[in-house]
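Protein chains in written order, with the numbering used here: chain W, 32 to 241; chain R, 13 to 119.
In case anyone wonders, no lab produced these hints; they're calculated from the structure. Some clues are possibly wrong.
To be verified - The list that follows gives simulated cross-link-like pairs (lysine to any residue, SDA-like), each with its CA atoms no further than 20 Å apart:
#1 Lys129(W) to Tyr195(W)
#2 Lys129(W) to Thr27(R)
#3 Lys58(W) to Lys29(R)
#4 Lys240(W) to Ile63(R)
#5 Lys57(W) to Leu85(R)
#6 Lys207(W) to Leu218(W)
#7 Lys29(R) to Asn124(W)
#8 Lys58(W) to Lys81(R)
#9 Lys240(W) to Ile99(W)
#10 Lys240(W) to Phe93(W)
#11 Lys209(W) to Ala133(W)
#12 Lys58(W) to Leu87(R)
#13 Lys57(W) to Ile191(W)
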Amino acid sequence: MSESNSAATMTSAWSGGRSPYAVNSKKFGMWLFIISDALTFSAMLMAYTYVRLSTPNWPTPFHFSPSIIFSTVMTFCLLSSSLTMVMAVHSMNHGRRKAAVAWILATMGGGGAFVALHLTEWLNLIHNEHVTPFDNPWGVPLFGGTFFALTGLHMTHVVIGLIYLGIMAFAVGRGKFKAEDVEVSGLYWHFVDLVWMFIFPLVYLMSAKI
Amino acid sequence: MSTHSEVLEHADGATTKVFITVWFALLFMTGVEVFLAYEQIPVVIFLVALIGLSVIKAALIIAYFMHLKFEKLSLFLTLFPMLILCIILMLLMFLPDSSRLMVMRPR
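Can you build the whole structure from these sequences, using the hints too?
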């Protein structure tokens, strides 16, 4: 290979001379994790619809009050926490660490409210509707199993996100981590929000109509 | 899609106003979803609207909040097919499920 050809190859985006995606490895790694996790949730949502399809008397215990009201407020909490996370990344990009910590804490507040409301909704189902992961009054045990597995896995992601953001807030406040690290944690948090955009209509809103 | 230098420009310039607009749009679409759930409209229209709004909301979150709109085209093209696969997986039985339930419900 001639010298000029070699130079052209090294400056090419796909030559290894520079990143073809123009993102750092942490961010790209998080995107790959998100894709794999999205496939997990897709499979679970498909499983939910499958058992629903094969069960004629599928229960719909999600009344307007409290279930739909709670889940709507939970959606508001997650969407708002995504906005505050964007603001945290924006603040870090401008070198405003204190503001970034405040926005991250606000994000955690939204996530915490989501978890609290979700647990209240769960307790309502368990105590008032007598739904457990293995049994319910309608004799469709798969309902509880799929519902708690799906929403439980999502809530686990939210809790892990809260821990992740807590660590980020603590470290950023002490002058550690860079803007790209906050952006990567933001990607995870937005993904949690994204998944709920499908669980909310599929599990809750559909039950209001059919 | 844009180059890396434009990414910074986007992040610095349009951020707050655009992101708040997207947030309002997402809230509005959520409100429409809840409204439709309690309106007397045909089930097929309800489901199509529900699916459509969910996909639009997901696209807005990915494009703006997750910043994919401002990343390089190569990253977008790498991730996009897998995102489409996820949506197909999730919605594969959405419409048949609800249609069949309607028929099977006791009258």
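*Taking only the CA atoms, is the gap from Lys207(W) to Leu218(W) under or equal to 20 Å?*
19 Å, holds
*Can the restraint linking Lys240(W) and Ile99(W) be considered satisfied, given a maximum Cα separation of 20 Å?*
Since the Cα atoms of Lys240(W) and Ile99(W) sit roughly 12 Å apart, the hinted pair holds (cutoff 20 Å).
_Given hint Leu85(R) paired with Lys57(W) - CA-CA distance at most 20 Å_ = Holds. Lys57(W) to Leu85(R) sits at ~19 Å (cutoff 20 Å).
*Under the criterion that the straight-line Cα-Cα distance not exceed 20 Å, is the pair Lys58(W), Lys81(R) satisfied?*
15 Å, holds
*Quickly compare the C-alpha distance for Lys57(W) and Ile191(W) to 20 Å and report which way the hint goes.*
Roughly 18 Å separates the two Cα atoms, so the pair holds.
*Given the hint that Lys29(R) pairs with Asn124(W), test it: the Cα-Cα distance must not exceed 20 Å.*
16 Å, holds
*Sort out whether Lys29(R) lies within 20 Å of Lys58(W), counting only the CA atoms.*
Violated, because 24 Å separates the two Cα atoms, which is more than 20 Å.
*When you check the alpha-carbon spacing of Lys240(W) and Phe93(W), does it fall within 20 Å?*
11 Å, holds
_Run the distance test for Lys129(W) versus Tyr195(W): straight-line Cα separation, threshold 20 Å._
18 Å, holds
*CA of Lys209(W) to CA of Ala133(W), is that 20 Å or under?*
OK: Lys209(W) and Ala133(W) at ~16 Å, within 20 Å.
*Between Lys240(W) and Ile63(R), does the CA-CA distance stay at or below 20 Å?*
14 Å, holds
_Check the hint pairing Lys58(W) with Leu87(R) against an upper bound of 20 Å on the C-alpha distance._
11 Å, holds
Comparing the model with each earlier hint shows a violation of hint 3 alone; every other hint is respected.
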